[in-house]
Amino acid sequence: MIKTFLKHEFKAFWRSKNAGKSLAIRIVMALLILLLMLYVVAAGFFMGPILKKVFPHDSVIFSFCGFVLVFFVFDLFSRIQLQELPTLRVQPYLQLPIKRNAIVGYLTFTGLFSVFNLWPVLLFWPFIFRHLLPASGSLASFSFIVAIFGLSIFNNYLALYLKRKSNLNGWVFLLITAVMILLIMGDLEWHLYSIRNISYLFFGNVLKYPMLSIVPLVLAAAMFYINFLYLKQNLYLEELRARKEKFKSSTDFPILSYFGPVGDLVANEVKLILRNKRPRSALVMSLLFMFYGLIFYSNPGMKNSEGFKVFAGMFMTGIFMINYGQFMYSWQASHFDGLMVSKISFSDFLKAKYLMFSTAATTAFILTTPYVYFGWRVLVIHLMMYLWNMGVTTTIVLYFANRNARRIDLGKGASFNWEGVGASQWILSLVLMLPPFVIYIPLKMLGLTEVALTALGAIGLIGILTRSFWIKILEADFHKRKFSILEGFRNK
Amino acid sequence: MIQIKDLKKAYSGVIVVNIPELEIKKGESVGLVGNNGAGKTTLFRMILDLIRPDTGTVTSNGEPVAGGEKWKNYTAAYLDEGFLIDYLTPEEYFYFIGGLHQLSHAHVDDFLSQHADFFNGEILNRGKYIRDLSKGNQAKVGIVSCLLQQPELFMLDEPFANIDPTTQFRLKNLIKEQAAKGVTTFVSSHDLNHITDVCDRILLMEKGKIIKDLATNSSTLDELEHYFAIGQVGAPAAPELRIDPEENH
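Protein sequence lines, in the order shown, are assigned to chains A and B.
For the first sequence, this note's numbering assigns the number 1 to the initial residue and increments by one for each residue that follows.
For the second sequence, this note's numbering assigns the number 493 to the initial residue and increments by one for each residue that follows.
What the hints contain is simulated information worked out from the structure, not anything from laboratory work.
All the given hints hold, so there is nothing to weed out.
Restricting the straight-line Cα-Cα distance to at most 16 Å, the calculated cross-link-like pairs of lysine to aspartate or glutamate (EDC-like) are:
{"no.": "1", "chain 1": "A", "residue 1": "248", "chain 2": "B", "residue 2": "614"}
{"no.": "2", "chain 1": "A", "residue 1": "277", "chain 2": "A", "residue 2": "409"}
{"no.": "3", "chain 1": "B", "residue 1": "704", "chain 2": "B", "residue 2": "513"}
{"no.": "4", "chain 1": "A", "residue 1": "343", "chain 2": "B", "residue 2": "644"}
{"no.": "5", "chain 1": "B", "residue 1": "562", "chain 2": "A", "residue 2": "348"}
{"no.": "6", "chain 1": "B", "residue 1": "664", "chain 2": "B", "residue 2": "650"}
{"no.": "7", "chain 1": "A", "residue 1": "480", "chain 2": "B", "residue 2": "546"}
{"no.": "8", "chain 1": "B", "residue 1": "518", "chain 2": "B", "residue 2": "555"}
{"no.": "9", "chain 1": "B", "residue 1": "497", "chain 2": "B", "residue 2": "555"}
{"no.": "10", "chain 1": "A", "residue 1": "248", "chain 2": "B", "residue 2": "583"}
{"no.": "11", "chain 1": "B", "residue 1": "500", "chain 2": "B", "residue 2": "698"}
{"no.": "12", "chain 1": "B", "residue 1": "620", "chain 2": "B", "residue 2": "583"}
{"no.": "13", "chain 1": "B", "residue 1": "673", "chain 2": "B", "residue 2": "644"}
{"no.": "14", "chain 1": "A", "residue 1": "343", "chain 2": "B", "residue 2": "561"}
{"no.": "15", "chain 1": "A", "residue 1": "482", "chain 2": "B", "residue 2": "546"}
{"no.": "16", "chain 1": "A", "residue 1": "271", "chain 2": "A", "residue 2": "252"}
{"no.": "17", "chain 1": "B", "residue 1": "517", "chain 2": "B", "residue 2": "644"}
{"no.": "18", "chain 1": "B", "residue 1": "704", "chain 2": "B", "residue 2": "715"}
{"no.": "19", "chain 1": "A", "residue 1": "480", "chain 2": "B", "residue 2": "561"}
{"no.": "20", "chain 1": "A", "residue 1": "444", "chain 2": "A", "residue 2": "306"}
{"no.": "21", "chain 1": "A", "residue 1": "271", "chain 2": "B", "residue 2": "583"}
{"no.": "22", "chain 1": "A", "residue 1": "482", "chain 2": "B", "residue 2": "561"}
{"no.": "23", "chain 1": "A", "residue 1": "248", "chain 2": "B", "residue 2": "624"}
{"no.": "24", "chain 1": "B", "residue 1": "664", "chain 2": "B", "residue 2": "692"}
{"no.": "25", "chain 1": "A", "residue 1": "472", "chain 2": "B", "residue 2": "561"}
Quick list of simulated restraints, FRET-style, between CB atoms:
{"no.": "26", "chain 1": "A", "residue 1": "175", "chain 2": "B", "residue 2": "503", "range": "48 to 54 Å"}
{"no.": "27", "chain 1": "B", "residue 1": "514", "chain 2": "A", "residue 2": "10", "range": "43 to 49 Å"}
{"no.": "28", "chain 1": "A", "residue 1": "366", "chain 2": "B", "residue 2": "672", "range": "53 to 59 Å"}
{"no.": "29", "chain 1": "B", "residue 1": "608", "chain 2": "A", "residue 2": "369", "range": "48 to 54 Å"}
{"no.": "30", "chain 1": "B", "residue 1": "682", "chain 2": "A", "residue 2": "435", "range": "50 to 56 Å"}
Small disclaimer: the values here were computed from a predicted structure and weren't measured.
From the three backbone atoms N, C-alpha and C, an ideal C-beta is built for every residue, glycine too.
Just chain A, with the same shape it has in the complex (with noise of 0.2 Å):
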């Protein structure tokens, strides 16, 4: 049976008819993975002497027992950032005689399949080899090897389980975010544990007792029957729904009626987005990346890189637009037509988004003036790059808009809809990331960081004032591409 859903997964990604554009997005992928392992490799193989190096009164194999689970807790936390789910339409198949296992198994089996899980091989696996079977002998070898696998099970259906529960609810990401960061925090910060010293006690005695490595095995196969069980029972989760159906009322905002038809568009967005579980946690996300700030301008290192800041900035105020814009009109594929035949001129259509992007970046400016904690400057650098987001970044993902013609279909089984946020959804971003310091970096090695953030502004601010004309461009390029994406929203 998996052999014939694979088959299946197969056909479904070469026919559908954006290939094209998902294999070039897999392709750099998985040259940037390529590279990535190649340093990993070459990590693991100077484990030893890097390890001396840091930890010089230590034995290099005392050292490494310290390291094993910080590792897992850094992967865990990347993985919940950025490991894919698997997703297998599955209602096609649920009627059919095929067991309800067969189904859930698979789906939790092809979980494995990650990168994710090759980088504690590439790693350790060079270390164990070089140092620990030489020192320590093979049966202390071998439960390493087992403990390792074993963690990066467990940490690999960890991360599917509570990005399935984020999915479902965005609050959850926040919280487990949340959890993750005191939980390192906890370490690094303030020292009310180690994890270092936790990793010492457990493969220290595992080099005793190899037995122990049976563990994290356990451990491992507990969260593979958890996920299967979570899987199984959310098969239904559509008919659970439905049972308890809330009064849905209409809304109006009285605010937006101001701007006529294009303020309709806009509450027709906002409910959208409020509406649909997946642009609902784009927007959640966004409010949690408000907290950036903390990370950059409370870390020492990074206090007087300014360029650091105007990342930080561009971030804080444009991410609404990177989170939700970069699938533009995606999130309309399908009453796509509707709104082709409508009385509504596409030069209206794209100054909604205009002005909600515009209010997007304006609420998020306003949102992190408290960063001014840090110093006037910060403030000055967001207002910055409050501009640019709404000068250029919004004409930028507006002109991805229009070279887009992937359906989302937000309607349709909300429960099995997985994809969205993964690792090809932040490659898409940096498209919009890099801009500003093509223009910013080479002034300031000039020396001219007043220039070169005033450039920035001053950008902005022609992009603003004169969005009519980008207007006019955007449209005229949207006619010449209307046909096409019309046909990629038709195609379900």
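Place chain B on chain A using the hints.
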């Protein structure tokens, strides 16, 4: 009202629509029939500038629809659920559409109350988003939102498909009322009874071509039934016709 010239559309070599010449006059009520894959929906989409024709033009009131915005002012169409904004409540959707045509909320409410019968108490104030409605009820929302726009050209694609028998009769009356008001109506359907009842003129499509253009009279229904009853006992065989197994959009 609508003029079509040399309109052609092919998907990977298969011709889906091929209409050398077609005119629909103002105030006509036209029905479109044909088997799955005959090209009905594709034709509708090209009239609404949603699909780019390979060759040929569609003009509406003397202006080409392609790239134009003017026809949107007097055209209202409901082809499928893709025309509805499904995360809105029906009321919000009606207000939105009404707002585009400068109608106040009160005006929209007033209009909707005239169609309370048609809604049969299943649409308004039910506390549901459009996406939570059944397909038939979604169609009702789409149809009434068309009427709300007070169109001069009114297009429906298979409106009788998902709605209950009572609503089917009411819909027939609605379409007839519109036609009586001088609105040009263009409706496709698989239900030969309904379509001959509602329309003055029937176009029969086969493999993208309009093979028959009939003014409705007492023998039209027989003629159509005769055409569609291929391979049935008592009907003459028409060997050159192949029925596509699925609709080919």
